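2 protein chains.
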Amino acid sequence: MKKFVYFFGHKQTEGNASEKYILGGKGANLAEMSKIGIPVPPGFTISTEVCKYFYDNNKKYPETLKKEVEANLKKLETATGKKFGDSKNPLLVSVRSGAASSMPGMMDTILNLGLNEDVVKSIASSTANPRFAWDSYRRFIQMYGNVVENIEHEKFEHLIDSIKDKKGIREDTDMGATDWEEVVRAYKKLFKIEKNREFPDDAQVQLWGAIGAVIGSWNNARAITYRRLNHIDETKVFGTAINVQSMVFGNLGADSGTGVAFTRNPATGEKKSYGEYLMNAQGEDVVAGIRTPKHLDSLREDNDKVYDQLIAIFSKLEKHYRDMQDVEFTIENGKLYILQTRSGKRTAPASIKVAIDLVSEKLITKKEALLRIEPEKLDQLLHPTLDPKAKSKYKLIATGLPASPGAGVGEVVFNAETAVEWKEAGKKVILVRAETSPEDISGMNAAQGILTARGGMTSHAAVVARGMGKCCVSGCESITVSEIEKKFRIGDLIVSEGDLITLDGSTGEVFLGEVPAVNPELSGYFGTIMEWSDKYKKLGVRTNADTPRDAQVARDFGATGIGLCRTEHMFFQADRIFAVRQMILADTAEQRKVALAKIFPMQKNDFLELFKIMKGFPVKIRLLDPPLHEFLPKEKADIEALAMEMGITVEKLQDKIDSLHEQNPMMGHRGCRLGISFPEIFEMQVRAIAEAACEVIKKNNVIASEAKQSLIPEIMIPLIGEFNEFKWLKDRLVPVIEDTIKKYGIKMTYEIGTMIEIPRAALTADAIATEADFFSFGTNDLTQMTYGFSRDDAGKFLKDYTDKKILAEDPFKTLDTVGVGRLMKMAVDLGRNTKKNLHIGICGEQGGDPATIKYCHQIGLNYVSCSPYRVPIARLAAAQAAIEAEK
Amino acid sequence: MKKFVYFFGHKQTEGNASEKYILGGKGANLAEMSKIGIPVPPGFTISTEVCKYFYDNNKKYPETLKKEVEANLKKLETATGKKFGDSKNPLLVSVRSGAASSMPGMMDTILNLGLNEDVVKSIASSTANPRFAWDSYRRFIQMYGNVVENIEHEKFEHLIDSIKDKKGIREDTDMGATDWEEVVRAYKKLFKIEKNREFPDDAQVQLWGAIGAVIGSWNNARAITYRRLNHIDETKVFGTAINVQSMVFGNLGADSGTGVAFTRNPATGEKKSYGEYLMNAQGEDVVAGIRTPKHLDSLREDNDKVYDQLIAIFSKLEKHYRDMQDVEFTIENGKLYILQTRSGKRTAPASIKVAIDLVSEKLITKKEALLRIEPEKLDQLLHPTLDPKAKSKYKLIATGLPASPGAGVGEVVFNAETAVEWKEAGKKVILVRAETSPEDISGMNAAQGILTARGGMTSHAAVVARGMGKCCVSGCESITVSEIEKKFRIGDLIVSEGDLITLDGSTGEVFLGEVPAVNPELSGYFGTIMEWSDKYKKLGVRTNADTPRDAQVARDFGATGIGLCRTEHMFFQADRIFAVRQMILADTAEQRKVALAKIFPMQKNDFLELFKIMKGFPVKIRLLDPPLHEFLPKEKADIEALAMEMGITVEKLQDKIDSLHEQNPMMGHRGCRLGISFPEIFEMQVRAIAEAACEVIKKNNVIASEAKQSLIPEIMIPLIGEFNEFKWLKDRLVPVIEDTIKKYGIKMTYEIGTMIEIPRAALTADAIATEADFFSFGTNDLTQMTYGFSRDDAGKFLKDYTDKKILAEDPFKTLDTVGVGRLMKMAVDLGRNTKKNLHIGICGEQGGDPATIKYCHQIGLNYVSCSPYRVPIARLAAAQAAIEAEK
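Sequence order for the protein chains is A and B. Residues 1 to 887 (the working numbering) make up the first sequence, in order. Residues 1 to 887 (the working numbering) make up the second sequence, in order.
Since the hints were derived computationally from the structure, they do not count as laboratory data. Predicted model, so just to flag it, every value in this text is computed and none were measured. Misleading hints may appear alongside valid ones.
Copies of the same chain look alike in the list, so a pair counts if it works inside one copy or between any two.
As a list, the in silico BS3-like pairs of lysine-lysine whose alpha-carbon atoms are at most 25 angstroms apart [to be verified]: (1) K796 / K656; (2) K60 / K730; (3) K804 / K730; (4) K727 / K52; (5) K345 / K271.
Produce the complete structure using the sequences and hints provided.
In structure tokens:
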């Protein structure tokens, strides 16, 4: 008989931390903590396999489940000395979800389960705390009603508000036992109206209702969105576990309380526990941000014994888990319980500092440290922050908590839908909310930053924003947000939807207008991580750069070469587009050559500048790629203007534009196909490259000690699909370079290679490698052709694909290793079969994606090339790939 | 030392027929004939390797060539008892090209080489025939001047004409010795003016000039075009050999002559030699069509001894070569010489009859017979011929020679350029010429048929037309063609450019207007070939058919199933396009279902009819493939009309059209992607298929004895690139079919499979095969994506590709086995690895191409599917593939 339920509780514990795929992250850690002697209220975990079984079997439970749950309830009654459903000595439980991948706030939780009027009365008398008893009951009805029975949260809140109004009470804390009892009556009435039956009194009915709701919450819209945004692959991590745990109460009175804490500072990484708590409260009160909690340090004053015990537990957990922990605790009548521990989410700076500190503390190795840092998150460190000197010139309108660092500028919006719409319309937005809830997640994702009036450093807004790497200012209590009127107020100042504000997530400051930003400092801890990365990585990291500015940024970020310089971007510049258009409109090769002669000195100068910046590091230049019609105007007015400028008739120009029109330009007359039709274009480009390189070499001004070599220009021919295309062009381009070398009277090594971006190039890579000096995977086009997905059009159906779970990832962001990757591996193997040491890289946009980089390492590429700001990410990802491959 | 020159001449012969790649076809056969005792004038062959060396080495000859040629000249002098360059006893030679693949008329020939004034005088006296001597000399100067020195042919002809005019002479035959001598003087003057030097007298200079010209002719434009049209792969067959042969003269007087003959009738295959000759003429006179030659039968009267000897040689050659031969002969002073033999080009009916007759004569086996027939040529037999009953109603304006059978209807054009232009503009044309020359080849290719005023059955026009399978009426002497005025005249009737005429190439008749045609009879010899083909072939042959008419034609041609029924063609029909557009313009799934309900009964009826015609043979139906915008109008007026019809505003319609617009529709929202976005469309189609199939099975009216099975509908999902796409759709479509089966209360087998037309489908075929019942290669799309060539746009650069020899073949016509084929093989292997007996076919247009069919056999497909008219071609090609694979 398959085991579906696992007990935890000191010596009887059945699971451990390694079983998170079965027990979920929360359940596994509850078991582990129980084992190592941390005070955890006992309970049991229903495994994720039940959830999987449920969805695979037409929403039915395994037959044996009921029996197992009953047996574990008995065990729990024994362990606690209480009885489930009993009114004398009642066992109350919490029912919580917990998947293998943490999905904070995404799924449902029910507390205080097991209550009914008899039990409440019994507890009121046994605790001598009727207020607590009725408050707990109303909380339970509200949670159960909302989570299990889908009655809107607002309806319950509205009832409380009207009872408060009637009684003239402002704060919840001023509500007494009879007030809460009245709320309970009102809630039950509401329940009966909504559901046409009584609120269930039977604890068993309540338990199975809650289990069903938790399992159901796995597939609610929020959870699905979260998994999509966080790339959680459901084929690997499926289902939530359900943790049924005996309740402890933080709301039993003044010597009770509840809190959440990080063992180190999750924003900075500072080695000092960091948390918040509320006395006489239940856990949800802290996280939801309704009451602003106290800082953990104050607990020393409130209860120094518990404080010391907590700090000792933090230390034990860190040593045990070898990582910074995120801990939930409850104090019940002065006794401390730990309800949860997990690896703490942290900002990028914190993840770097914690990892390096853990190495210093000898808890982990350098390699482990590198594996601890999410490469994607480095992005947070690479983008500009607010210029401290400029700040003073802008109006500081408020200061809240520095919940997630970085700078954010945008137009104010007040709900998630507007955030998403405006973002899609190309605007930058700041989402402003009184407090955020899981429903806001898509809006937070769309925003440049988040500002909330309520909630602490561990509020929903803060946790989610840090996870997303968005800047966030939370708990900014000086502002009053009116989501309905779409404005917020600070004293007399009113900020309305569409107004521009700037957030500084590192200081908590909020400015009116757009404050300028400065580039980040890349030394210190960051530098250490990069240094360690370079030590372990095997892949080279180059950059895709078309301009001297891009090249310089990439060099500063540690790129050791250019993997892709797109020459056509140079063609679009205002001072040369005219000559380019003359070239396109030429009727003969001779006319074309005249126009090309005008472009030549400009192209040459482009390359001269790039070569000087790259100081001997290799520069790979791709010859003209896009179809010629891209350089011509499309609108009538522009066409008329151009005809005038060119001194030709509108008809002639329109005829030319029409003749260049293509049904499917992505598979049309572009890349090497242009070079074959108009070899003079490629010849001009290659002459410009060769002359620039020769001049630089002749002046001997680029041999940098870093690169340890002289400039070797690499000429890359795009869109090759057939050996003869490459050979035909190479035979025409080599003499151009040789002529140039002779003219300058120097020696120069150069390479002529090809993009592998057409499936046929990969399939015939053995032939192509006989002539090509290198390969570079153009995975944008290769993905387009391999899937038959036009990037420009796939948006229309890719959403259906992710919604219907047909594709887990957008293949244009992360390499499809199964299909496109198979083709790449084939090309690598065929190419190296022909030429053993063939140098192979990738320059598609996926080249900066960590998962793609891992695959590139696996199939033996020599380097990846990515946009300048992703170079550090790639360096770390390359190191992780190498370290993981060692295992 | 590598041997470059091979002698031939009875006992000293060095080569044989098997060495045609070295000696060229002509050289190899001259050697072979010499060996078996056929009277061949001795000579030697400079091998094709010299030509290859020449082009590989910057147009230089191998160093040892000169010496070898000298040694062979000596040998030839000994064999003939004459001396090269000697004026007393001169050895004259012909220098002719001859590649491994026959390229008739495409390359150059020079006769009478070795002549100068001294030699001419000496010959004049030794033959006592000064007219012959001077005529030979002027021919030599003219040929040499044209071929070696590039002086235009017309300039020489013009000189003859002006001398004739001056002397009042009409026919060449009336020219005397002194007349020709005067022509020689005029020619030499012309030569000096054109080339600024004297015409060479030195025989050695002449010889090397001629060798150079022949080698150069390999790469003239005509030869390149010929090789392209005839799919001659230069990587396999490169270069021409040069045959230097002692001259024999057909123009020595009345007992000399020259002719060409086929050992059987090349138009019908009748077992009776068939040829033409001229007495007192050189070979070029017969082929060029300037004098209309006599029928071979007349030779019996002219010289019965030579006639009998010739017939005996024909018989010997046929038995030796085991095939019908095309022979050139010359009679010199009553002595017969054979100058060439080769396998004779023939019409499709002749190739079938000859092959079957050779089997009856026990010269070849049935398998050899099948290999002798070019599948492509069967096309000639499958298309309609003129309706004999209708002919009488049209005006018969002329009758010429039935040079190449079949019917041709088109507008009259008078030059190749116009033929090509009008063809490209979508017109059907008949090319009318006084006589054709190799320059006309592209025009002949573009025309429906060719009509010439001059030239016999073996004239250029006739030979080339038969090779192309075009109908041709040649030697239609009653017409007078004015190519300049663009009209031809028959008595008083004038036919101008653009007038419509009809040719009957089987009778030589020319009609004014468009005569209706009738379908061909497919029994007799043709039926025998099909029967033998089916006996040996392993591949099934299905058809691509969307309409009952297509399906019926294909069944009549022997297709054993439908491999591709494109359902969208049914959507375009006038009576349903309105509902289709309503469906597309629907805003909700509900509205869409309403429109689909209107289409449903029509679709069901389509399938009912197809199933009835196919009588139990399998029918593979592809679900909707094209993007939806293809069903909407593009022009403003049409959009306005449609908006009115639909009862919506033009703006709304235009918005919808705009929203459906795609940058690259070929890679856009189409195929299974539509099915995933709008599953109700596919569900409607599948329900229509299932209901139609159930009804047909229930009525038990389609179990034909031929098919030996009950109907099994095969549902094919297009554009699958990922397993999840297929699974998602299959999970939705299976219940539709199962419901239908239940509703009809019958048993029915059905299959759901996929097109393999996206590279990723091939790459992940192992996964897809776990769910797919079959694969069908859609090689049109697969070729597009694998090459990244948009079929709609590739025309712009594919011409550059073939001109520059980058691609030998258009990959959309013949499968690219190297790239696309590698992907197909991978898909077959991966798919069968998952499912051992996975049924796999091809339904792209290449499925009817013989080379593609051979490859499909090699990689183990189960069947090919092609357009109805290609079914017999595919049956034969499939048999050939199987027979060749046995070897």
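Hint-by-hint comparison with the structure:
1. K796 / K656: between (31 angstroms within a copy, 13 angstroms between copies)
2. K60 / K730: Between copies only: 24 angstroms across chains, 66 angstroms inside a chain, cut-off 25 angstroms.
3. K804 / K730: between (47 angstroms within a copy, 14 angstroms between copies)
4. K727 / K52: between (56 angstroms within a copy, 19 angstroms between copies)
5. K345 / K271: within (15 angstroms within a copy, 92 angstroms between copies)
The structure is consistent with each of the numbered hints, conforming to all of them.
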